[in-house]
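Taken in sequence, the protein lines are chains X and Y. Its first residue numbered 1, the first sequence is counted upward by one per residue in the numbering used here. Its first residue numbered 118, the second sequence is counted upward by one per residue in the numbering used here.
The set of hints was computed from the structure by calculation and includes no laboratory data. Every residue gets a Cβ at the ideal spot worked out from N, C-alpha and C, and that includes glycine. Keep in mind that a hint or two might mislead.
So, partial list: chain Y residues that the calculated Cβ filter (under 7 Å) puts toward chain X [as the list claims (entries may be wrong)]: (1) Glu161; (2) Met162; (3) Thr177; (4) Tyr181.
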Amino acid sequence: EPEVTQTPSHQVTQMGQEVILRCVPISNHLYFYWYRQILGQKVEFLVSFYNNEISEKSEIFDDQFSVERPDGSNFTLKIRSTKLEDSAMYFCASSEAGGPPTYNEQFFGPGTRLTVL
Amino acid sequence: AQKITQTQPGMFVQEKEAVTLDCTYDTSDQSYGLFWYKQPSSGEMIFLIYQGSYDEQNATEGRYSLNFQKARKSTNLVISASQLGDSAMYFCAMREGTGGNQGGKLIFGQGTELSVKP
Chain X
1 EPEVTQTPSH
11 QVTQMGQEVI
21 LRCVPISNHL
31 YFYWYRQILG
41 QKVEFLVSFY
51 NNEISEKSEI
61 FDDQFSVERP
71 DGSNFTLKIR
81 STKLEDSAMY
91 FCASSEAGGP
101 PTYNEQFFGP
111 GTRLTVL
Chain Y
118 AQKITQTQPG
128 MFVQEKEAVT
138 LDCTYDTSDQ
148 SYGLFWYKQP
158 SSGEMIFLIY
168 QGSYDEQNAT
178 EGRYSLNFQK
188 ARKSTNLVIS
198 ASQLGDSAMY
208 FCAMREGTGG
218 NQGGKLIFGQ
228 GTELSVKP
């Protein structure tokens, strides 16, 4: 069964460093998403991406964040200068299409746990 | 205002019993989708079940079913015949109607931690 994959599973970095989180969405999917979950809290939307551009972004997704689809398979989230509060689980997700009324499940990857020291 | 509200931070259920996890939502859209995800201690997000705003029947998927009450804006998850492996965090989420290619983000509730007792 096709699945979303993410690498690395765990990333430890020093405050102020740049990190790149990588995702490989399901191959025939068109919409890509990043979410984050701070430990013990709810899952929060960061950004959605379609047709090689950002569709929507949240208030969390400030200038320190960027996304890219550098080739036909990878989807990356870059944090330019990490802060302590960026420590969280970051989930990538993909779907065939964007939203209702047609049912389109978002398939989540296993997540990357980012720890900023 | 909270878009998705899960009022039960934690729930206990005896193995083989049924349990209901509550979720209410707030939207002015006519077209929206409601999702439930399970997050075990390992951290992954596992899709369980979906209900569309125009669906007239309550969704069912194996031991999972939804009690969808549109007028009350609630979509409670019912897990029948609980198993020890059902112990996990459960998140309710909503995707509001989108125009064009907006991308259909999911808005999550705070989650309910379910513990199944042997």
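Does Y:Tyr181 pass the interface hint, meaning its C-beta sits closer than 7 Å to a C-beta of chain X?
-> violated (14 Å)
Can we keep the Y:Met162 interface hint, with Cβ of chain X closer than 7 Å?
-> Where the cut-off is 7 Å and the nearest Cβ of chain X is about 4 Å from Y:Met162, the hint holds.
Against chain X, is Y:Thr177 within 7 Å by beta-carbon distance?
-> Hint violated; Y:Thr177 Cβ to chain X Cβ min 14 Å, cut 7 Å.
Interface hint compliance - Y:Glu161 to chain X, C-beta minimum distance less than 7 Å | Y:Glu161 check passes; min Cβ-Cβ to chain X is 5 Å, inside 7 Å.
Of the numbered hints listed earlier, those contradicted by the structure are 3 and 4.
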